[in-house]
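Order-wise, the sequence lines are chains W and L.
Position one of the first sequence corresponds to residue 1 (the numbering used here), numbered consecutively onward.
Position one of the second sequence corresponds to residue 1 (the numbering used here), numbered consecutively onward.
In case anyone wonders, no lab produced these hints; they're calculated from the structure.
Owing to the predicted nature of the structure, the values given are computational and were not obtained by experimental measurement.
Among the hints, a few may not be true.
No more than 27 Å apart at the CA atoms, straight line, and that leaves these computed lysine-lysine pairs for BS3-like [what the hints assert, rightly or not]:
{"id": "1", "chain 1": "L", "residue 1": "Lys393", "chain 2": "L", "residue 2": "Lys381"}
{"id": "2", "chain 1": "L", "residue 1": "Lys75", "chain 2": "L", "residue 2": "Lys232"}
{"id": "3", "chain 1": "L", "residue 1": "Lys196", "chain 2": "L", "residue 2": "Lys232"}
{"id": "4", "chain 1": "L", "residue 1": "Lys262", "chain 2": "L", "residue 2": "Lys208"}
{"id": "5", "chain 1": "L", "residue 1": "Lys380", "chain 2": "W", "residue 2": "Lys222"}
{"id": "6", "chain 1": "L", "residue 1": "Lys193", "chain 2": "L", "residue 2": "Lys256"}
{"id": "7", "chain 1": "W", "residue 1": "Lys222", "chain 2": "L", "residue 2": "Lys381"}
{"id": "8", "chain 1": "W", "residue 1": "Lys222", "chain 2": "L", "residue 2": "Lys393"}
{"id": "9", "chain 1": "L", "residue 1": "Lys208", "chain 2": "L", "residue 2": "Lys380"}
Each chain, letter by letter, is given below.
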Amino acid sequence: MPTKLPPWVNYGLLPLMNLGMAFLVAGLIVVILGESPIEAVRLLVFGAFGYGEAVGYTLFYTTNFIFTGLAVALAFQCGLFNIGGEGQAYIGGLGVGLVGIYIGHWPVPIGIMIGIMAAALFGGLWGFIPGWLQARRGSHTVITTIMLNFIAASIMTYLLVDPLRREGQQIPESVTFDERIWLPQLHEVFAELGLAIGRSPLNASLFIALVCCLLYWLFVWKTRAGYELRVVGRSEAAAVYGGISPARQIMIAMTLSGALAGLMSLNEVLGAQHRLTLGFTGGYGFVGIAVALMGRGHPIGIILAALLFGALYQGGSELAFDMPTINRDMVVVIQGLVILFAGALEHMFRPWLEARFARPAVPAPA
Amino acid sequence: MSVAVTAGQPAPAVALEGVNKSFGPVHANQDIALAVQPGTIHGIIGENGAGKSTLMNILYGFYQADSGRILVDGKELVIKSPEDAIAAGIGMVHQHFMLVEPFTVLENILLGAEGGWTLEAGAARAREELLRLERDYALEVDIDARIEDLPVGIQQRVEILKALFRGARVLILDEPTGVLTPQEADHLFRILKSLKEQGRTVILITHKLREIMAVTDNVSVMRGGEMVAHRKTAETTTEELAELMVGRKVLLRVEKRPARPKAPVLDVEHLEVVDELGVRRVKDVSFTVRAGEIVGIAGVAGNGQSQLLEALSGIRRITSGRVLLHGAPVLDAADARRKKLGHVPEDRLRMGLVRGFPAYENAILGYHLLPAYAEHGFLKKRGIIEHCLGWMKGYDVRPVAPLLQATSFSGGNQQKLVLAREMEHDPDLLLVGQPTRGVDIGAIEFIHKRLIAMRDAGKAILLVSVELDEILSLADRIIVMFDGTITGELEASAADARRIGMLMAGIREEMAA
């Protein structure tokens, strides 16, 4: 993205304008439905941040979005569009689930450590497949990752309907794991310290996500491996010239991207539900694309964008609950508008802003 | 500066008065005045970035001037788009042709002038008109041939035909000889002269002094966005024009001592390269480059030099034959660098630099594996910046700003950055592709001196350039390529432009003899 805009416009004003536009259109829809948009916003913000439980849920969703946002952003650094975060997270969940089901009773840190590794490994494998296909067979990742999402969903449905289903019942989900592999939930930790925060599934995964942000930043901009990956993302010709194999970097990027998406399953499977369920990925993988775009591929931006979407998820369900005319689907529409303006229509205001703030590169006299 | 129009002379075919154009803070054209007399060939010369193309794009309606007047045949016009320019009788032949390759010549010329719902009536009329134009101007073109089957020289004639067909009385040519052999260029000049004889006006933009002297009647010199001089070609000299262009005296010839070649560094034996489309690009090429000499590869662009350079540097797979560096084969680009091969690629923007990366990150591309730049897998940013800073100073890269995006530097400064990277890693063999493409005269001089200094330090240099003058002034031995084969190899002392031109056109000495 050859950006000529000053950073505060590129990273601040432009996303805010996109967001404002999304809320403006959403507000119009609320007006058409005969409700007050001001009241809707108040309910949404209160529902997302107004009290302890709300904040907990918001941060819980934020955690999901950080993982999937990082996954999309990492692939993007290598010039790849990973639309398969959903499937990679799902398969990552399979890894965690197997660990939970079979060795969940292992001593406390060991089981969890293996679970984390399994999530990354399984997700990474599911990312490696499209990476390999693109590097060696020229199949475009956009196509293959989408298709692998369906394959992942089919595999998980089969496994949860038959081999992994808890015996003696008809719900497609696994047994509940041994408590030793549960990730500590924050309200429990705080309760032990004598502090009462509202009950929510917010758990240690948030910290794993933040550590991943740091590792992502270090890897992409500070390491030689990240340098090679970025060169490929910018120019394959320059990479080949520099002795860097694009095929190898594509496979590395997709594997790491898949691993990050796979880690999202920790939050849902080990942190909240403690069992493997059907469709626990809930579309977070796809929203990760919007998070990565809005966050400009930078961890700080991704955290902020993830927080926005986390708040929309949590505040949106409160809004749907409190304002009967705004049902659940309406909230999805609002989220969709944010994705549309912040993600897909990212370039709508850009030319206009460039005309005002652009700093043309000044060629130096030679 | 005002343009003196002597009384009694006809109104200029094109006149510009007080034209200004800025792009942000860059004043690309400052108060330009220009008068082109009808029925003449008018040269506009200047370094890259002097504002020639901007000025012509204003005249052709691609850009609007911020202020100033455009007069065509004495009448003031507002030219808002190329359509307006065409309507005013102004045609332009761009540096990069704008032709639809799978279409025939006739179909290309009809584009945008189809005339009706079906092509037939328009095509019949066009055919008649084209045949007349070809007769009048010695523009021999088979109008039913497909563009992709035609050599570049002929494609250029198609562009000229297209402009004439649209009724151009003033024809602008932007760097027209960059892609031509000397023979094709001569033919182009004959066409331009016959256009002039028929009363048409030609504006020739170039940075080649030789062409100005050979073909123009008047010449205007641009420097730094300003029009610095107008001369009658007959009353000026190459030296004067060069000085006006750069604002100081320049060495047109590189001063160098005779080469003292030593042991062979690069041996190429029966090299064959077939590209991804299955086309044989390099055919049975064998040669040697020794330490302490510059071997120049001359040829019109697109005769296998690019593929040869890529094969030698390990970027492109070799189909058969051998490339030996110090007697050992080159496996890939990373291996080539380990074996001390430096490579300044032809296409510096696509290959030599990573767009969007700052200068310091570009300064280690290809050398990023060296322990000097990384420790435990982490890049030593501070150290890299310091290296980059030193090179920028040593190679006069301006501005000295390692954190600035590489693409924000001008062409010459980008090239010096690439050159610094490849030279400062002390290669035994340096492959150099088009070192001065898009580079201004000041930087050309600098780059040439550096190459000679490197040769004198006992390094082997292989220089590929489509600028014959560059090959002639730098190389100690000259290899000429045509259609993937070597058509001749001669000592620089025995070489002259005409002989090389014949070889570049594929006419071997024994055939010519």
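Evaluated hints:
With a C-alpha separation of about 18 Å, the suggested pairing of Lys393(L) with Lys381(L) holds against the 27 Å cut-off. A distance of roughly 25 Å separates the Cα atoms of Lys75(L) and Lys232(L); the hinted pair therefore holds under the 27 Å criterion. Under the criterion of a C-alpha separation no larger than 27 Å, the hint pairing Lys196(L) with Lys232(L) is consistent with the structure, at around 16 Å. About 35 Å separates the Cα atoms of Lys262(L) and Lys208(L), which puts this hinted pair outside 27 Å; it is violated.
Proximity of Lys380(L) to Lys222(W) is assessed by CA-CA distance (about 8 Å); at most 27 Å being required, the pair is judged to hold. With a C-alpha separation of about 38 Å, the suggested pairing of Lys193(L) with Lys256(L) is violated against the 27 Å cut-off. Simply put, Lys222(W) and Lys381(L) have alpha-carbon atoms about 8 Å apart, close enough for the 27 Å limit, and the pair holds. The hinted pair formed by Lys222(W) and Lys393(L) meets the criterion: a straight-line CA distance of about 25 Å does not exceed 27 Å.
A hinted pair counts as satisfied when its Cα atoms are at most 27 Å apart, and Lys208(L) with Lys380(L) does not qualify at roughly 44 Å.
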